[in-house]
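Engineer: As given, the protein sequences belong to chains F and D, one line each in that order. Throughout the first sequence, residue numbering follows the numbering used here, covering 1 to 91 in sequence. Throughout the second sequence, residue numbering follows the numbering used here, covering 1 to 91 in sequence.
Any given hint might turn out to be false.
[Said to hold, decoys possible] 27 Å max Cα-Cα, derived BS3-like pairs, lysine-lysine: (1) 83/D / 18/F; (2) 54/D / 37/F; (3) 76/D / 18/F; (4) 78/F / 4/F; (5) 43/F / 18/D; (6) 37/D / 76/D; (7) 51/F / 37/F; (8) 18/D / 54/F; (9) 18/D / 56/F; (10) 54/F / 37/D; (11) 18/D / 54/D; (12) 9/F / 56/D; (13) 54/D / 43/F.
[What the hints assert, rightly or not] A few chain F positions that, by computed beta-carbon distances, are all more than 10 Å from chain D: (14) 18; (15) 19; (16) 65; (17) 68; (18) 70; (19) 85.
The set of hints was computed from the structure by calculation and includes no laboratory data. The beta-carbon is built from N, C-alpha and C at its ideal position, and this holds for glycine as well.
Protein chains: 2
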Amino acid sequence: MNKKQLIAKLSGSLNLSKADAERTFDTITNTILDALKGDDSVKIAGFGTYKVAKRKARVGRNPRTGEQIQIAASQKVKFLPAKALKEVFNK
Amino acid sequence: MNKKQLIAKLSGSLNLSKADAERTFDTITNTILDALKGDDSVKIAGFGTYKVAKRKARVGRNPRTGEQIQIAASQKVKFLPAKALKEVFNK
DNA sequence: ATTGGATATGCAGTATTTGCATATAGAAAC
DNA sequence: GTTTCTATATGCAAATACTGCATATCCAAT
């Protein structure tokens, strides 16, 4: 399912136009992103937690040539599924 | 930031009551979860992809006693941040 | 409808993460 | 205010992520 299909579903469930559904959805993701940019984590009960994970610089390897390369430190968004979410898939 | 705070923000941005903001938010998460339950992945452009990852059974260990235990195969929801999302945090 | 951009895949080897049990502390939900 | 949920911390084995890069595919926006 891609974003367009998701928006179409939401448009129906929420009784909104597709344009409004998309605006609503974007507002939510942007709000989450803003919190993450401020180095805050976002906990959503029953769904999961978004947090920014810092990754240290390390040595990697180009699989094609085999040569070693330095990988810079970076940050990425991690999503940790809530307990309820795991249970859904493991029964 | 927890769910309550997120809902409060959305209530303001979307010009909805907190109850409506929460209903809207829950509708979205449920829609995503339903797709995942159907073993479908959910791609959201500019944000990321949710997918169900199957994890193989393996040998684990009880950290308290040190004894080895068998861990069953399981499934969990994975979130892969979109490229745009990584860039936000690495500049 | 076309096109530009984003993502999936495969590859090799190493670094990182995962997930186990369990209690407690702290936070959040009702 | 009470109850439910989540983070944390522990050691360790095995699964998985990550890197460059080319190709194929797929999506989004024009």
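Engineer: Mind listing which of the numbered hints don't hold for this structure, in increasing order?
Structural biologist: Violated: hints 2, 3, 8, 9, 10, 11, 12 and 19.
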